[in-house]
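Asks: As a plain string of letters, each chain reads:
2 protein chains.
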Amino acid sequence: MTDGTNLRPAREDFRWESVEVLTYKAEADAGFMAITRQVLLKDAGLACELRYFEMAAGGYSSLERHLHVHGVMILRGSGHVLIGDSVRKMGPRDLVTIPPNTWHQFRATEGEPFGFLCMVNCERDRPQLPTPAEITELRKTPAIAAFLDGRPLTP
Amino acid sequence: MTDGTNLRPAREDFRWESVEVLTYKAEADAGFMAITRQVLLKDAGLACELRYFEMAAGGYSSLERHLHVHGVMILRGSGHVLIGDSVRKMGPRDLVTIPPNTWHQFRATEGEPFGFLCMVNCERDRPQLPTPAEITELRKTPAIAAFLDGRPLTP
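Chains as they are written, first to last, in my numbering: chain A, 1 to 155; chain B, 1 to 155.
Some clues are possibly wrong.
[What the hints assert, rightly or not] Going by beta-carbon spacing under 8 Å, a handful of chain A positions derived as facing chain B:
#1 Arg93
#2 Asp94
#3 Gln128
[Unchecked claim] SDA-like cross-link-like pairs, simulated, lysine to any residue; straight-line CA separation at most 20 Å:
#4 B/Lys42 to A/Ala47
#5 B/Lys42 to A/Arg124
#6 A/Lys140 to A/Thr154
#7 B/Lys89 to A/Asn6
#8 B/Lys42 to A/Thr154
#9 B/Lys89 to A/Glu17
#10 B/Lys42 to A/Pro100
#11 A/Lys42 to B/His68
[Claimed, not checked] Derived, one-sided and incomplete: chain A residues facing chain B with beta-carbon distance under 10 Å:
#12 Pro9
#13 Asp29
#14 Met33
#15 Ala44
#16 Glu49
#17 Leu95
#18 Ile98
#19 Asn121
#20 Leu129
These aren't lab readings, by the way, just hints derived from the structure by calculation. All values reported here derive from a predicted model rather than from experimental measurement. Positions of the beta carbon are idealized from the N, C-alpha and C atoms, including for glycine.
Could you put together the complete structure from these sequences and hints?
Replies: Structure follows, in structure tokens:
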């Protein structure tokens with residue numbers, strides 16, 4: 001920003017000049033751990049925002065679903081992602097789109113920071129968290145139960 | 001895509017499974033060289049697209065302007081970017097927003113491939129190319145003349 005452009009250089013360790021490192025969510029009971037949020041691209045002329053979320057080793061995002069779509073590119077490290085009824089390992093530059101109304105959660109399962117870019121519409125609905133009955137249903141899939149428990153996963 | 005998810009793993013050399021490497025533009029007279037386009041994130045539920053543009057060493061994008069905004073993150077290598085009346089060097093993970101109606105061009109000036117993510121509204125106006133008179137006006141700034149000629153630039 002210093003010379004009148006809106007250029008924000010990258011800094012060490014997946015931080016950026018003039019980009020604040022934020023709490024992941026305001027609600028502490030939303031079932032997340034060791035995850036930060038940075039808003040990288042946001043402008044009145046853009047209908048989407050690009051955010052960067054990063055988990056420390058062992059950290060995870062909320063298990064949630066919503067009607068809006070997430071467009072995701074992994075930027076740092078490897079980890080596992082629950083999307084619908086699949087648990088998949090993802091690494092740098094891998095892409096995934098999370099469809100509407102689909103349970104999803106990101107976990108830093110590989111003993112290293114795990115960070116991803118997330119493109120999302122500026123206008124969007126609020127996430128829903130699962131009920132105990134919905135968690136019971138999800139856990140019927142063994143890979144999902146292992147993922148939710150933080151147990152070792154096959155690739 | 002193979003297991004029913006829409007995960008598209010990264011491949012070597014900044015390519016992705018199930019993502020086609022496209023011509024930069026259909027119009028060959030739009031003043032570009034040695035640049036490709038890949039559409040990474042595009043979905044009926046997303047109001048923006050995320051594209052990846054990559055120039056080979058010495059390549060460049062069109063010099064253009066339009067009313068829509070570009071949100072940019074450099075993903076590969078370093079190069080120079082003209083935005084308005086500034087020429088700036090950019091490298092991995094640097095961020096910039098290109099405001100409406102602002103001349104801009106990307107150049108792979110550092111003898112290496114230079115690639116960037118570009119987030120843009122799905123609904124947008126067509127780019128304008130500069131007239132000879134507009135190019136003459138731009139070239140009055142010495143750094144811009146050097147940039148347009150592909151001459152060495154200060155950082």
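Asks: For every hint, state whether the structure bears it out.
Replies: Against the structure, the hints come out as follows:
1. Arg93: Holds. Min distance 3 Å.
2. Asp94: Constraint on aspartate 94 of chain A satisfied, holds at 5 Å.
3. Gln128: violated (16 Å)
4. B/Lys42 to A/Ala47: holds (13 Å)
5. B/Lys42 to A/Arg124: holds (17 Å)
6. A/Lys140 to A/Thr154: Holds, at about 17 Å.
7. B/Lys89 to A/Asn6: Roughly 13 Å separates the two Cα atoms, so the pair holds.
8. B/Lys42 to A/Thr154: violated (29 Å)
9. B/Lys89 to A/Glu17: Holds, at about 15 Å.
10. B/Lys42 to A/Pro100: holds (14 Å)
11. A/Lys42 to B/His68: Cα-Cα ~13 Å, so holds.
12. Pro9: holds (5 Å)
13. Asp29: With Cβ-Cβ at 28 Å, over 10 Å, it is violated.
14. Met33: With a closest approach of 24 Å, the methionine 33 of chain A hint is violated.
15. Ala44: Given a least distance of 8 Å, the restraint on alanine 44 of chain A holds.
16. Glu49: With Cβ-Cβ at 9 Å, under 10 Å, it holds.
17. Leu95: holds (4 Å)
18. Ile98: holds (9 Å)
19. Asn121: At 5 Å from the nearest chain B Cβ, asparagine 121 of chain A passes the 10 Å test, so the hint holds.
20. Leu129: With Cβ-Cβ at 21 Å, over 10 Å, it is violated.
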